[in-house]
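Using the sequences and the accompanying hints, generate a full structural model.
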Amino acid sequence: MRKNWFWGVISIILVSWVVNFIYFQSKQLEKPVMLNAYLDIPTRDYTNLSLHYITNKKDIIELQSLSIGDQSFFNERNFIFPGFENPTAQSFKQEFTHHYLKEAMFSFGEEDIKNFQEEIKNNNEVYATFTNGQTVPVNVSKLDFTPYKTSDEAFIKGSGYNYTGNSRAEFLHINVPVNMEAFELPKAIQQDIDIKLMVWKDASEHSPIIREDASKEWENLNAPLYTEVKWPLQLNAGDSIGIFFHTKEDSKDVKTISLIQDWTGEDADGNQIKHVINIISNPILTQDQVTAIVKKARDDVK
Amino acid sequence: MRNGFKQLFIGFLFIFIKIHIIVDLFPDFIGYIFIYNGIKQIATLSSQPYEKLKNLLIILVIVSMPNFFLNDQVIQQSEWLGYYSALLSVLKVSLVYLLFTLLQEVAKLLPYKEGLISTKRMYYWYMSVVLPSLFIQSFLMNTSYDNSLTGSILIVMFILIIEISFLVYLNNMRKRYPKSGIYESYAKGAVS
Numbered sequence: 001m002r003k004n005w006f007w008g009v010i011s012i013i014l015v016s017w018v019v020n021f022i023y024f025q026s027k028q029l030e031k032p033v034m035l036n037a038y039l040d041i042p043t044r045d046y047t048n049l050s051l052h053y054i055t056n057k058k059d060i061i062e063l064q065s066l067s068i069g070d071q072s073f074f075n076e077r078n079f080i081f082p083g084f085e086n087p088t089a090q091s092f093k094q095e096f097t098h099h100y101l102k103e104a105m106f107s108f109g110e111e112d113i114k115n116f117q118e119e120i121k122n123n124n125e126v127y128a129t130f131t132n133g134q135t136v137p138v139n140v141s142k143l144d145f146t147p148y149k150t151s152d153e154a155f156i157k158g159s160g161y162n163y164t165g166n167s168r169a170e171f172l173h174i175n176v177p178v179n180m181e182a183f184e185l186p187k188a189i190q191q192d193i194d195i196k197l198m199v200w201k202d203a204s205e206h207s208p209i210i211r212e213d214a215s216k217e218w219e220n221l222n223a224p225l226y227t228e229v230k231w232p233l234q235l236n237a238g239d240s241i242g243i244f245f246h247t248k249e250d251s252k253d254v255k256t257i258s259l260i261q262d263w264t265g266e267d268a269d270g271n272q273i274k275h276v277i278n279i280i281s282n283p284i285l286t287q288d289q290v291t292a293i294v295k296k297a298r299d300d301v302k
Numbered sequence: 001m002r003n004g005f006k007q008l009f010i011g012f013l014f015i016f017i018k019i020h021i022i023v024d025l026f027p028d029f030i031g032y033i034f035i036y037n038g039i040k041q042i043a044t045l046s047s048q049p050y051e052k053l054k055n056l057l058i059i060l061v062i063v064s065m066p067n068f069f070l071n072d073q074v075i076q077q078s079e080w081l082g083y084y085s086a087l088l089s090v091l092k093v094s095l096v097y098l099l100f101t102l103l104q105e106v107a108k109l110l111p112y113k114e115g116l117i118s119t120k121r122m123y124y125w126y127m128s129v130v131l132p133s134l135f136i137q138s139f140l141m142n143t144s145y146d147n148s149l150t151g152s153i154l155i156v157m158f159i160l161i162i163e164i165s166f167l168v169y170l171n172n173m174r175k176r177y178p179k180s181g182i183y184e185s186y187a188k189g190a191v192s
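Chains as they are written, first to last, in this note's numbering: chain H, 1 to 302; chain S, 1 to 192.
No lab work stands behind these hints, which were simulated from the structure alone.
Be aware that a few hints might be false.
[Unchecked claim] Sample of chain S residues at the chain H side, in silico, Cβ under 8 Å: (1) Glu79; (2) Trp80; (3) Ala86; (4) Val90; (5) Ser94; (6) Leu131; (7) Leu134; (8) Phe135; (9) Ser138; (10) Phe139; (11) Met141; (12) Thr143; (13) Ser144; (14) Tyr145; (15) Thr150.
Quick reminder that beta carbons are idealized off the backbone N, C-alpha and C, glycines included.
Rendered as structure tokens:
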């Protein structure tokens, strides 16, 4: 027995390599996975569109182009050049045990948007082509461009933004008394995004209480969800309001979200007023979410 | 005997040093041929069997030939070449294990115990470092990049130290034997 200890240890090492290899292979994707997207993008002179996708860490793959009908649009964040592939020097948003979450960005001019919208009328499918030649359909809940909207500045003054992890906040200071109506997020993203509205009575935009609440974690924010607010919401001159967005971490269908949400109301004279809430949510994934996405992708292949 | 250890030293030096300019300037398979010559001389002079070592060395010479053309960058980029490197490491540690079995017998022939003591010490240290390293290495593919990098750096450092120690040990062992044949020398000593 003592004589054979070495071969026993070698056997354990070989078994360990085999088991680790099998486990490693069980986590690999055959093709990159495009994350779902809900994109209702306000257009400007040059409009950017972001999409997110998951690749195997060992593969040196980046999204090369999006194609719809005859139109192709190239990823401006494709940093892979043939001959210079290096698996440890890939650009990524997040790193997981076996995968990377990556972002692709496309820039559209006015003409591009016209062509894109024309093609999307005739073709339902958008395809993503990767640097290794693989092509996968892009699963989008919505993909549209809408003209850029502006808020009525007469009654509010933007007093800043805040961004921490999966949460974002916009702070407004009210100039004239207003009654704001209820708003509803599109059904396709209701399960992905939560919004809390916090009103500070007679609080200037530089009030320390706003700064204090702004730094709180989403769970600790003592403010109602937009669905629980007693509408219409009456705001007086001198009040401040915080609109806190939060991407739900338990969402199974993680999306890249960009949308503009109108929030309407009226002032004391009965004039219609509008504030445009710009919601942008780029996915921040947990290892469990990635594991679930990879498992679903592997099961779909079977 | 002295020449046998010299051949072992040169052989393991060839395996240790990797200078890749188009091809490996110190090819591993040449190293294994040196090691075979060294083992053959040592085993013949000490009348020890070396069949297992011979067979393993033939395998190593063949298996290590692709390594002549592969640089570290190419190995890193290919998943399968990573497993090839691991296979070479397992075969090499098996060679060192069998070699130590032979060297412990040879060290017993020395008239003083230091040779045997240093052989056993080197053997324990070598196995204590290399075997756990190979085991831990198998898990690195399933860990995050940061953990994998830290693990790899530690393993490389430990392996580097133990391989240099092993080369120093082989060189010291060579010096323990007189320049002429050991048996003749010791026989002369015994007569006088």
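Quick one, is the S:Met141 hint okay against chain H at 8 Å, beta carbons?
holds (5 Å)
Minimum beta-carbon distance criterion (8 Å), S:Glu79 to chain H:
With a closest approach of 6 Å, the S:Glu79 hint holds.
Taking the least C-beta to C-beta distance, is S:Ser94 closer than 8 Å to chain H?
holds (7 Å)
Is the interface hint satisfied for S:Ser138? The criterion is a beta-carbon contact with chain H at less than 8 Å.
With a closest approach of 4 Å, the S:Ser138 hint holds.
May I ask you to test the interface hint for S:Ser144 with respect to chain H, counting a Cβ-Cβ separation under 8 Å as satisfied?
Since chain H brings a Cβ to about 6 Å from S:Ser144, closer than 8 Å, the hint holds.
Identify whether the interface hint at S:Leu131 stands, where standing means a beta carbon of chain H within less than 8 Å of its own.
holds (5 Å)
Identify whether the interface hint at S:Ala86 stands, where standing means a beta carbon of chain H within less than 8 Å of its own.
Hint on S:Ala86: holds, closest Cβ of chain H at ~6 Å, below 8 Å.
Would the stated hint for S:Val90 survive a check requiring a Cβ distance to chain H of less than 8 Å?
Hint on S:Val90: holds, closest Cβ of chain H at ~6 Å, below 8 Å.
Holds or violated: the hint that S:Thr143 contacts chain H, with Cβ atoms closer than 8 Å.
With Cβ-Cβ at 7 Å, under 8 Å, it holds.
Holds or violated: the hint that S:Trp80 contacts chain H, with Cβ atoms closer than 8 Å.
Violated: closest Cβ of chain H sits about 10 Å from S:Trp80, beyond 8 Å.
With a cut-off of 8 Å on the beta carbons, see whether S:Tyr145 makes it to chain H.
Interface hint status for S:Tyr145: holds (6 Å vs cutoff 8 Å).
Would the hint on S:Phe139 stand, with a C-beta cut-off of 8 Å toward chain H?
holds (6 Å)
In this structure, the earlier hints numbered 2, 15 are contradicted, and the remaining ones agree with it.
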